[in-house]
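Peer 1: Just so you know, we're using the UniProt record's numbering here: the sequence shown kicks off at 1 and counts up by one.
Since the hints were derived computationally from the structure, they do not count as laboratory data.
Note that the structure is a prediction, hence the values are computed from the model and not measured.
Misleading hints may appear alongside valid ones.
Derived pair list, reagent style DSBU-like, types lysine-lysine, alpha-carbon separation capped at 30 angstroms [stated by the list, open to error]:
#1 93 with 46
#2 34 with 233
#3 287 with 439
#4 250 with 233
#5 423 with 397
#6 283 with 324
#7 148 with 233
#8 283 with 233
#9 423 with 324
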Amino acid sequence: MCERVPNNVKKLDAPFDIYKFDCQSMIPINEAFKLREVLLTMPFKKRTCDLYSFSQSSDFYRISNKNKPIEVQQLLEVLVQIKQKISTYLGQKFNNSISVSCSKYDIGDYLLCHDDRVDDRRVAFIYYLNYDWLSEWGGSLDIYSVDKHYNANSILQNIVPEFNAFLFFPVGNFTYHQVSENISKFPRITINGWFHCDNFAWSKHIQNKELTMSLKHIFLPIKVPKKDTHFTKRSIEKTYFERNFRKYIKEGFNTDGYGVCGQFFNSVALDGLSSALFSNNLKWEIKGPLNKMHYKVLNMNNLPEVIFNLVNMLRTEHMIQFFKDCTGLDFIGVNVEVQRWHGGHYMVSGGNDGYKNMHVFRVYIFFSHCIGTMNTDGEDDLYYVFEEHNAFYPKFKCTPQNNTMLLVNRFSNMEVYTKYCRKIDGHSWTVVVANYMIKDMFNCKIKLEKMHKL
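All chains should be modelled from the sequences, with the hints used to inform the complete structure.
Peer 2: Structure (structure tokens):
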């Protein structure tokens with residue numbers, strides 16, 4: 001249901017105030033088609049980061065009239081009139097600034113969950129120029145609910161692009177939204193931007209809760225007699241038990257800050273682990289909040305035996321000694337998470353891995369049969385990004401590869417994120433992530449817990 005308000009404006013049923021303005025009397029259908037054709041001839045610049053991938057024109061107000069098509073100039077005149085109407089509807093006084101440009105979402109493009117709270121933005125607007133757009137093509141404006149910590153919780157509404165439709169909403173504390181991935185071969189074209197005001201429209205003191213590592217999930221090493229390390233010995237390739245090979249790994253790790261260990265498990269163990277990790281009987285849970293991350297995890301208190309043995313192997317003193325030999329670091333505890341990634345999953349930057357300002361040693365063990373090659377140069381396949389704060393370029397990047405272990409010296413000044421996994425690529429993988437607390441860097445006053453031995 002929609003709540004009616006005066007003057008050709010319809011208030012949509014959504015977690016925050018969103019309005020649909022009937023602009024057809026101001027922008028006739030035939031003029032909208034002409035505008036679309038002209039926009040597609042303008043230059044676009046590809047914009048990509050951890051949060052988005054799409055193409056954008058220059059701000060229309062920064063394009064000289066000489067290079068600005070007459071259709072765009074006419075639109076800006078109409079936009080000023082629309083701005084005045086919206087000012088009246090909302091009882092909000094804007095300043096003279098308008099930010100407006102054209103966005104083009106080609107196949108695989110997206111804009112992840114965000115709230116638009118930047119500087120003096122007061123009202124966001126979107127003018128759609130796609131005709132006969134189908135909901136199964138993606139490209140919808142998705143609206144989120146909010147949890148008690150002011151984070152995005154779940155998608156409550158999907159607004160499908162409608163030709164010559166004009167949407168707007170006041171920017172507020174909890175106006176979380178996204179543009180879902182365009183999975184069609186047709187470009188999604190919109191004109192979008194913000195009306196600005198001199199006063200902040202949102203409360204600067206209201207911030208969503210930061211994610212921090214849960215100390216109750218850090219476990220002391222499990223003491224297992226050497227004669228009982230059969231799971232480790234019968235699972236890992238024999239090469240990794242050679243002292244010289246561990247020394248070789250250590251040299252590379254200390255030089256580069258990371259190490260890649262291929263063919264970590266032998267074929268028999270890999271078959272058993274893969275069968276367990278890709279079983280349809282596993283019950284995965286969504287890991288959020290969605291303005292920071294979106295992937296799936298297993299409940300660590302209810303693991304199948306094979307996966308339980310793998311997790312516990314990473315907690316044994318035997319494996320901790322192995323990692324000490326490969327890095328020269330000493331550890332006092334470990335946190336393990338079993339993750340599942342596929343199309344639509346991501347982790348944006350901003351310390352969202354739960355280890356912000358902490359120095360830990362991280363191990364990724366990848367299981368997959370449909371992904372590319374580790375450390376490829378193909379940008380579309382680079383999912384894991386590791387970069388130092390304020391650096392222009394990442395320290396290194398990688399793609400998951402089946403039966404490969406990645407060792408990372410995650411320094412306290414390092415930013416770690418996972419790029420959006422596009423649905424159109426069809427990639428998926430399972431990864432076991434272990435974070436080892438470095439003895440000299442960690443506050444030993446925290447209370448550590450032990451997990452049951454094998």
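Peer 1: Each hint should be assessed against the structure and marked as holding or not.
Peer 2: Okay, the hints, checked on the actual structure:
1. 93 with 46: Answer violated: residue 93 to residue 46 is near 34 angstroms, above 30 angstroms.
2. 34 with 233: violated (69 angstroms)
3. 287 with 439: holds (28 angstroms)
4. 250 with 233: Holds - the C-alpha atoms of residue 233 and residue 250 are around 21 angstroms apart, at most 30 angstroms.
5. 423 with 397: holds (20 angstroms)
6. 283 with 324: violated (33 angstroms)
7. 148 with 233: violated (47 angstroms)
8. 283 with 233: Answer holds: residue 283 to residue 233 is near 29 angstroms, not above 30 angstroms.
9. 423 with 324: violated (38 angstroms)
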